Amino acid sequence: MPTETRAPFLRVEGLSKTYAGSTEPVFERVNFDLVQGEFVCIVGHSGCGKTTILNVLAGLETASGGNVFMGGREIAGPSLERGVVFQGHALMPWLTVRGNIAFAVRSKWPRWTAAQVDAQVEKYVGLVGLGAAIEKKPQALSGGMKQRVGIARAFAIEPKMLLLDEPFGALDALTRGTIQDELLRICAETHQTVFMITHDVDEAILLGDRVLLMSNGPRAGVAEIVRNTMSRQRQRATLHHDPQYYRIRNHLVDFLVARSKDLSHGRAPALPPVVEPGLEPSPDAAVAGPNVVRLKERNA
Amino acid sequence: MSDPYDADRPLALRCGCGRFHDADGGHADSAPATLQGRVESTLVKALLPNETLRRRFLKAVGANTARAAIASLLPIGALEAMAATPGPLEKKDLKIGFIAITCATPLIMADPLGFYKQQGLNVQLNKTAGWALIRDKMLNKEHDASHFLSPMPIAISMGLGSVAQSMRVATIQNINGQAITLATKHKDNRDPKNWKGFKFAIPFEYSMHNFLLRYYLAEAGLNPDTDVQLRVVPPPEMVANLRAGNIDGFLGPDPFNQRAVYDEVGFIHLLSKDIWDGHPCCAFGTSEAFIQQNPNTFAALYRAVLTAADMARDPKNRDLIAKVIAPAAYLNQPETVLQQVLSGKFADGLGNVRNVPDRTDFDPVPWQSMAVWMLTQMKRWGYVKGDVDYKGIAEQVFLLTDAKKQMKALDEKVPEGAYRKYKVMGKEFDPAKAAEYAASFAIRKA
Amino acid sequence: MSAVSAAARARLQSSLLSVAILVVLLVVWQFAAAPAAGTGNSAAALTAEQIEYQKLLGKDPAATPKNAGFPTLGQMGAAIAKNLSHPFYDNGPNDKGIGIQLGHSLLRVGLGFGLAALVAIPLGFLIGMSPLVYRALDPFIQVLKPISPLAWMPIALYTIKDSSISGIFVIFICSVWPMLINTAFGVSNVRREWLAVARTLEVAPIRKAFLVILPAAAPTILTGMRISMGIAWLVIVAAEMLVGGTGIGYFVWNEWNNLALTNVIFAILVIGIVGMTLDMAFARAQKAVSYAD
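Chains as they are written, first to last, in my numbering: chain F, 1 to 300; chain S, 301 to 746; chain H, 747 to 1039.
Quick caveat, the hints were computed from the structure, so don't treat them as lab data. Everything numeric in this text was worked out from a predicted model, so none of it was measured. Ideal placement from N, C-alpha and C gives every residue a C-beta, glycine not left out. Any given hint could turn out to be false.
[Claimed, not checked] Partial chain F-side listing against chain H, Cβ under 10 Å, derived: (1) 55; (2) 80; (3) 86; (4) 92; (5) 104; (6) 106; (7) 153.
[To be verified] Non-contacting residues of chain H with respect to chain F, defined by C-beta distances greater than 10 Å in every case (computed): (8) 752; (9) 759; (10) 774; (11) 775; (12) 778; (13) 799; (14) 824; (15) 828; (16) 1011; (17) 1021.
The shape of chain F in the complex, shown without the other chains (with noise of 0.2 Å):
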C-alpha cells in the first residue's frame, strides 16, 4: 500500500455549516485531505451534509466556518478546476449531446478552434461510449446515458479535481454496474481526483482508494476515515472474491447501522482515526477492539 506522503492537494479544515433559522450547525469540525490522483467517497445517512460538503467544494456554497484549500489556495467561488457531475444529470436539454459538452469545452477553452472542440468532445463521448448517441437531444437518451453524458462533460473539461454527488442514484441496478465499470476504467487511464458521495457501500468499496464514514446530523462530522486496502486493479465481478471485501463491507455496515447515530450531535471526534479494516486482524485485536487493525494517527 503506497504509504509515501504526497502533498496535500485538497485540504478541508475545521469546516461547519449552519443554516439560516436554525440554531445547530448541519456538520462541523470535518477536517480531511485530498491527495492528488486518489479517489476518495464519502458516505453517510440522509441530512448529514454531504452534498453540502460537496458544494461547499465545488464553491456553489460557502461554509459557515472553517476553510477549504486546494494546491494551498483557498476557494472562492466555483471553478473549472472542480469539475461538478450532478445528482440530476443537469444536462441542457435544447442542446444535444455533443452541444452540451461542447459548452463545456469551450467554456474552458475559449480560443480553440472548431475543430479543436470538436475532438475533445468526440474523444470524451467516445471515453463514456455513447458515441452513436452524440447527435441526440437528450430527451431521447435514457437515465443512464443522460448520466454519462454528464460525467463525460465534467470530464471533458479535465479539471483538476471532479466531485461527483450521487451520479447513480437515480439508476437501476443493471445501468449502475455498468457505468461503474466504465467510471472506474476512465479514472484509472486518467489518474483524475474524485471526490464522491454514494449511498451505495459496494460502490464505495469499488471505487474508493478512501472512504469518509459521516456521523448522522446535526452537528454531523467525519468519524472515521477508512482506507480501501484492497488491490487497485478492482472488478466489480471479481470483487466479492476478495477476503478483503466483506471485511471492509461489514465494517461499512456496521457503521452505518448503529455508529453513526451513535457519534451525532458532535460526538464525531474532530480528527478523525484511519481505520484500515480489510486487512487480517492482528494480534492486538484485543488491545484496540475487534474492527480495528491499525490506528494511525493523522498528520497535522
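Please build the complex by placing chains S and H on the supplied structure of chain F, with the hints as guidance.
For chains S and H alone, coordinates are given in the frame of chain F:
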C-alpha cells in the same frame, strides 16, 4: 377691419413688438385682413403717419377724394393688381381633409373635375374619420386645409374645446342641405312638444346641426340640455344607431338623412331649410399661419373651390356631380341617394316623393353675420362665457372680403354688404344687436 | 393499423367535422339572410308615384328584390370575388385595393410589435434577473397594462401629433406587456441546475445570458410574443378605424360608412384569416425553441 380711409377708426398696422398698434400707439386687436387692405394701409400710413392728421385730412376731403388723390400719386391699382395676380405657388402638393358628406361637395368635386389641377395644385383629399380628427390634423399641420363645420374655426381660434390656433373660414361650402330625420316608429309623433326624453344625435358640438336642433327644440318648449339627450355621433353611424334604436332621431348632414330613408329605417321630418332658409353648414378653411406663409397657394385654392361652388349651384350640373362624387374614393354611397339629395327630388320615408329643388345649395359667401349668429348661440348655450366681441371675432375668422375679391377675379357675381339680417323660425336676427339677441331667449343655459 | 395512420385518421375525422360545421353555418346564414318572400311588390298593384318612390328607395319592383339587411351567401361570394380579383388597385388616397391596405396594416404592426419586442425582451430579462428591479417596476406595469388602446389613441395624437406614428405607438404600448411579463417570468424560472452548471464552468454573465438563460426561457418568451402579436393585430384594426388613412381597419370603417355590410364582413374575414396566419407563424416558432424537460 381696418380701412385706411375710415376717419372714425384707428389705422392698425403691425408693430415691431409683434402685436398690432393703432396709430395712437395703443394695441389694437385686428389688422388688415386682406391683401388690398394691407397694401392700402401701408401706403396711407407712409403718407400720413400721424393719426390725428390722417383723420383730419379724411374728414376734410372725404374718403373717395382721398383715395383718388393718393391713387393719382401712387400706382395703387398697379400695386394691387401685382399683388392680386396669381403669383408663383409656394406649395403645390397639398393635403386637404374632408368628411364624406355632401356638404363638402365643392371641395370634393374639384378633384375629379380637375379644378385643383387647373390652378397648378396637386391636391390629395384625405377622407378623415371624424370631426375631432379634422380638428387635430389641422392643429398638428398634417393637413394644409380642411373641410370644417362652419363654427369650428371660430371655436378653435377662441380655444374652445382645443388649444387655441387661429383658423379661418375661406368659403362656406353649402347652405341648407341638412334635415331632422326620425326613426320610422315615430312617424305618428311628429310634434316636437312630445319629444321629451328623446335621444338625438349630432355630428359635433361646434356645429350648425347642434345649434339648429337646440333652436328648434327650444322653440317647442324643450330644454335641450335637460329634456332630451344630445349625443355626438359620427354621421355614418347615425343611420346604424337609428336602425338599432339607440337614438330616436338626428339632425345630421346628408347623405345620411337620405340614406336612412333608403335603408328604410327612418323618415325625413323636417328639412333644415325650413328652420332657417339659407343657413350655413360646412366651411372650407385653413389656418392663419398657412395663409400668411402661402398667400398665392391660398389664392389658388380659393379659385378652385369657388369655381366648383359656382358649378355646383347650377341645378343642371347636379346629376353629373352626383355621379362624380359617388365612388369609393369620395363619398362611397349609392348614386341614387346622392342624386336625391342634390336634385331635391326625393323619397321622404313616409311614402311620398317630394320635390324641393333648393333642398341644398352651395352659396360660398362667408357672411360675417352668420358667424355672429353662431356666436350668439354659443353664448346662449354656455359654450362661451363672458362678453363676446361678436363683430371682432366674426370679421377675423370669416374672410368675407377675401372671398368677395376672389369671386370678382373669377367674374362671378359678388353680393353687396357684410352683414345681413336673417329669419330663424320666424324670429328676426339683427347682427347689430347680437348681445341682446343672445340674451333674448327664454330657454338657454342657466 | 399502424400508429401513423391512426393519427392521420384522427386528423381526417376532425377535419371532416370542421367542414360539416362550416356547411351547417353557411346553410343557416343563407336561410336567415334571404329576403322574405313577397317583399318585392308586383308592379301592377302600384300607382306611378308609388313606383317612382320604390325606385328611389333602390327597389325597382320589376327587378330583383334589394337586400335590406344581412347579405346572402351569393352576395358575399360576389363581394369576395370582386375584392380578391383586384387586390392591389390604387385609386388615390381614399380608395385602394385590399392587398395594399393589408400591406399598410402589416407594416404598422411589424413596426409597433418590433419596437415592443426590442424593449420588452431586454427589460424583461433585467426584471427577471433582479428582484429589486422587478419590485420597483411592478406598480407601473400593473397600472399601465390594462389601459385600452382606444384610450391611448387621443393621448398619442395629442402629444405625438402625427397619426401614423400615433398608431404605431398605440400598438407598441399595448403589445409590450405580455412579452415583458412572460420574459421576466421565463428568465426568473430558469432551472437552478443549469445556472449551477454555468457557475461551475465559470461562464461569463453575457455568455450565460445568451447561451443558458435565453434558450431556457425561450419557450416562455415566445408564448409572450405570440400573445402580444394577437393583441397588436387587434389594436391595429381599432387604431386604423379611429385614425383612418390606410389599412384594413380603415377599409372596414370606409365600408361601414357606406353601410356596405358585405364588404365589412369580407374585411372581417380577412382580418380573421390574417390574424390566424400570424398566430400560426408564432406557434411554429414556439415549437422550434421548445424542449422536453
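Practice prompt. Could you tell me which of the numbered hints above are not met by this structure, giving the numbers in increasing order?
Written response: Hint check: nothing fails, all pass.
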